[in-house]
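Novice: The lines below spell out each chain.
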Amino acid sequence: MPRSAAGRERALHSARVSSPLGPPIHVRDLSKIFRVHEREEGMLATLRSLFARRFREVVAVQDVSFEIGEGEIVGFLGPNGAGKTTTLKMLSGLLFPTRGEVRVLGRVPWKREAELLSAITLVMGNRSQLIWDIPAADSLRVLQEIFQLPEQRYRRSLGKLVDLLDLEPLLHKPVRNLSLGERMKVEFAAALIHEPRVLFLDEPTIGLDVSMQVRIRRFVADYNRRTGATILLTSHYMDDVVALCKRVIVIHHGHLLYDGALAGLAERMAPFKLIRVTLAEEVAASSLDAYGEPIEVLEGRITLRVPREDAPDRTARLVHDLGEHVLDLTLEDPPIEEVIDRVFSAAEVPVAAR
Amino acid sequence: MWRIYRTLFVAEFQQAAQYRIQSLLWLLFAVIRPVIFLAAWAAAANAQGGRIADYTVGDFAAYYVCLSLVSQLARSWDAYDFEFEVRQGKLAPKLLRPLHPLHYAVVANLVYKATTLPVLLPVLVLISLTFQAHFLTQPWHVALFVPSVLLAAALQFMFGWFVAAFAFWTTRIHAIMHLYDRLVFLFAGQIAPLSLLPGPLAALSYVLPFGYMLWAPTEILRGGLAIEQALIVMAVQTAWLVVSWIAFVVVWRLGLRQFSAVGA
Amino acid sequence: MRYLRLLALFAQTELQFAMEYRANLVLDLFEEVIIVVSSLVAVLVLFSRTGVVNGWTEQEMIVLLGVYYVIQGAQAVIFEMSFERFMEHVRLGTLDFILIKPVNSQFVVSARHVQVPQLGQLLLGLVLVGAGVREAGTALGMLELVEFVVALVCGLSLVYCLLLVLSTLAFWFVRVENLLAIFWSFVDAGRFPVDIYPGWLRVTLSTVVPIGIAVTVPAQAITGRLDALGLLSILLGTVVVWVFASWFWRLGLRNYTGASA
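Residue numbers (our numbering), protein chains in the order written: chain A, 1 to 354; chain B, 1001 to 1264; chain C, 2001 to 2261.
Do not rely on the hints blindly, as some may be mistaken.
What the hints assert, rightly or not - What follows is a list of derived Cβ distance ranges for each label pair:
| id | chain 1 | residue 1 | chain 2 | residue 2 | range |
| --- | --- | --- | --- | --- | --- |
| 1 | B | Phe1029 | C | Arg2134 | 30 to 40 Å |
| 2 | A | Gly81 | C | Leu2251 | 53 to 63 Å |
| 3 | A | Gly81 | C | Glu2177 | 26 to 36 Å |
| 4 | B | Val1242 | A | Arg176 | 41 to 51 Å |
| 5 | C | Glu2088 | A | Gly159 | 30 to 40 Å |
| 6 | A | Ala221 | B | His1178 | 25 to 35 Å |
| 7 | C | Val2127 | A | Ile33 | 30 to 40 Å |
| 8 | B | His1178 | C | Val2208 | 21 to 31 Å |
| 9 | C | Leu2143 | B | Ser1195 | 36 to 46 Å |
| 10 | C | Leu2235 | A | Phe55 | 34 to 44 Å |
| 11 | B | His1178 | A | Pro174 | 40 to 50 Å |
| 12 | A | Ile33 | C | Glu2177 | 43 to 53 Å |
| 13 | B | Val1123 | C | Leu2092 | 47 to 57 Å |
Claimed, not checked - Just so you have them, the derived chain A footprint on chain C, three or more residues with Cβ under 8 Å:
| id | segment |
| --- | --- |
| 14 | 2001 to 2010 |
| 15 | 2013 to 2020 |
| 16 | 2095 to 2107 |
None of these hints come from the bench; they were simulated from the model.
Computed from a predicted model, the values in this text were never measured in an experiment.
No residue lacks a Cβ here, since even glycine has one placed at the ideal position from N, Cα and C.
Sequences and hints are given; from them, build the entire structure.
Specialist: Right, here's the structure in full:
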């Protein structure tokens, strides 16, 4: 039995839901192919479709495999339509896969067993599960009954969430009277009231202002620390991923492109670095051709792109050659957005390697 | 003015194509209600040896078929949309245009009827055959029917807008419109031809405007009124139309003032 | 039972919201009174000219009208708003929140938005039934009462199943409201006994839009006009329809979640 209170709490927590040996999330060769009806405009086409339907197969997810361990926060990256949400839905039991094996907390999600459903949660950034016209407190009471939470456990859980999220003034106002950020906080409360072990967060910070995004990120990290919950997060905002996820899974065209540390992503996907140098005099960017490819000039600061392996060497040469003319110099990884963009706009899809 | 109307018509026809199904739905309701009451009165008449007062089963059938047709032709619903528009703020931009919102309403109204009539008529023929409707219509009945149904349509239109104009004052206009609806249900000839209503109710229904929105042209078309009666009825229709128009203008003007004072 | 507690909770949260708009609440109740009274006037006008309509006396017709509003009221209280919201959920993609909860989805979808104020219709309907039965003076024994309750429950179930099937269509056709509107216009025919209508309408009101038998059979039961065969048929019919509707709902759900057929 761990010595700290938090640790004991966590141990008790994980003992509550029976999960045989194995990671909380286990995915193997997961595929989802949608059959979409080809529907054309016009009366004739509609009539024709009543007799003979034409189908088109859309591969949303193909042969995706990964495992997520207890307490991990994993980021799911990918452009729109990449298959992120589809995968998330299959993990939460909302969608049947075409092929493959999924185990969440040892159970098959789409069997929708009550024990599993009581231990997972889904937060969708642009959709709310709360009833708009009534105060959040009432929605939470309904959730208490749905999850069959004993009064003591409900109060304790609510108390913690109220503290973590500053919910006190928000609970008794009708949800539609809350600002967007306040609504998101209350949404999280509703999603976590039953103390789930696995969290699926689909674009949780979308549409929020920067300060609220920061607060939500802090909250998620806090929650993970305190409860050891396993979190799978999809986001468009790199800041979310950078702040929360040590590990990312990149999905593109339904394929798993990369599964590993965030830092490693840049290394693998974007084999170059950036030298940002500020010189004493203004020089034409092209004059620095020898050291790297100039890609940006901003207020006297020139950014050069250099191949990763050559970076140390080129940097050294630049400093040596230009000496005292150099006012400032940094060597950086390309911004993660750029990395991702490159990955997604690549004509060829590089095969994932672990 | 004609050019403006023509443009509105074309635009509205295009819109109507999209609302095909909705239009047909309203049509269904216009048919089902009369059929329900026709069935009731037919059963009642049969229990009384085949007729009640001046109406045989065939007469009832003719009455309700005509009522259904008149319901469609004289129908006015856009007043219901008015309250919605006031709330949504869609009214303000319309008021800013040089054209009074009524003109839009008229065009939409006419287009709807033009598109649904071809579907209604065969259905009514079917019902006439099923119940063996017996029409007493003479040619002059039809001649008088045309102005009468126009008067009825105008009256429904005007009175409806008069009621709806109260939306300027209250957000709970739906309650008032609902009450108006039920008054039409009771006194316009839907639950029974006006002459069959019990004494005091009948007298009331001849005085109130509702009967002149539906019952009047219905009875003329069926041939149930003699020529003098038809002319008197049409005179009352005209009178109520004038009264409604005046009432509407007054309420609308007052309401506009109130509306702009409160803020669009 | 857990689901009863949930139902009470649903009703409570919706009622709290309605209480905030007290004026609207009063108006709603007022409207319900107006609706029932004007329909009653229609029946009275009919019977001012005749003593019997297709074998139904005035008092029996009033009983039937009462049953009509009991059923209308009941479905307006429990299901109507819930199904409306369900179709919105399908459209907006928020149905997932319901499916991910450890609770029967059919139950939540059917009863989430209980509208207590609509009880007005139901109570007025019961008043009419009571008044009609008393005026009719027919002997009302335990048997009739039991038959009435059974027939009423069956009638309400039939209406529920109809609504459920229609709402399930929302899984495939996004704009189901139009279809619903069609059925509501047929429901209006429930105000009179189903036997007064011409063949095709009678059949429709006994099968596809079962409001006809849903209202007429209980009215027959409490006025002593129902025989054992009639009661048995409605019972059997209800069971069959319920099985079908539940199966159809599950089919819709499986389709929505992409299960292979």
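Novice: Quick check: does the Cβ-Cβ distance between Gly81 (chain A) and Glu2177 (chain C) fall within 26 to 36 Å?
Specialist: holds (30 Å)
Novice: Is the distance from the Cβ of Val1242 (chain B) to the Cβ of Arg176 (chain A) consistent with 41 to 51 Å?
Specialist: holds (46 Å)
Novice: Do the Cβ positions of His1178 (chain B) and Pro174 (chain A) conform to the proposed distance bound of 40 to 50 Å?
Specialist: violated (26 Å)
Novice: Cβ-Cβ distance between Val1123 (chain B) and Leu2092 (chain C): within 47 to 57 Å?
Specialist: violated (37 Å)
Novice: Mind checking the hinted window 25 to 35 Å against the Cβ distance between Ala221 (chain A) and His1178 (chain B)?
Specialist: Given about 54 Å between the Cβ atoms, the range is violated.
Novice: Taking 30 to 40 Å as the hint, is the beta-carbon distance of Phe1029 (chain B) and Arg2134 (chain C) inside that range?
Specialist: holds (35 Å)
Novice: With a cut-off of 8 Å between beta carbons, are at least three residues of the segment 2013 to 2020 of chain C near chain A?
Specialist: It holds, with 4 qualifying residues against the three required.
Novice: Closer than 8 Å, Cβ to Cβ, for at least three residues: run that test on the segment 2001 to 2010 of chain C against chain A and report holds or violated.
Specialist: It holds, with 5 qualifying residues against the three required.
Novice: Falls inside 21 to 31 Å, the C-beta gap from His1178 (chain B) to Val2208 (chain C)?
Specialist: For Val2208 (chain C) against His1178 (chain B), whose Cβ atoms are near 29 Å apart, the range 21 to 31 Å holds.
Novice: Holds or violated: 43 to 53 Å for the Cβ distance of Ile33 (chain A) and Glu2177 (chain C)?
Specialist: For Ile33 (chain A) and Glu2177 (chain C) the Cβ distance comes to about 32 Å; the hint is violated.
Novice: Between Leu2235 (chain C) and Phe55 (chain A), is the Cβ distance one that fits in 34 to 44 Å?
Specialist: holds (43 Å)
Novice: Given a hinted range of 36 to 46 Å, is it respected by the beta-carbon distance of Leu2143 (chain C) and Ser1195 (chain B)?
Specialist: holds (44 Å)
Violated hints, in rising order: 2, 6, 7, 11, 12 and 13; the structure is consistent with all others.
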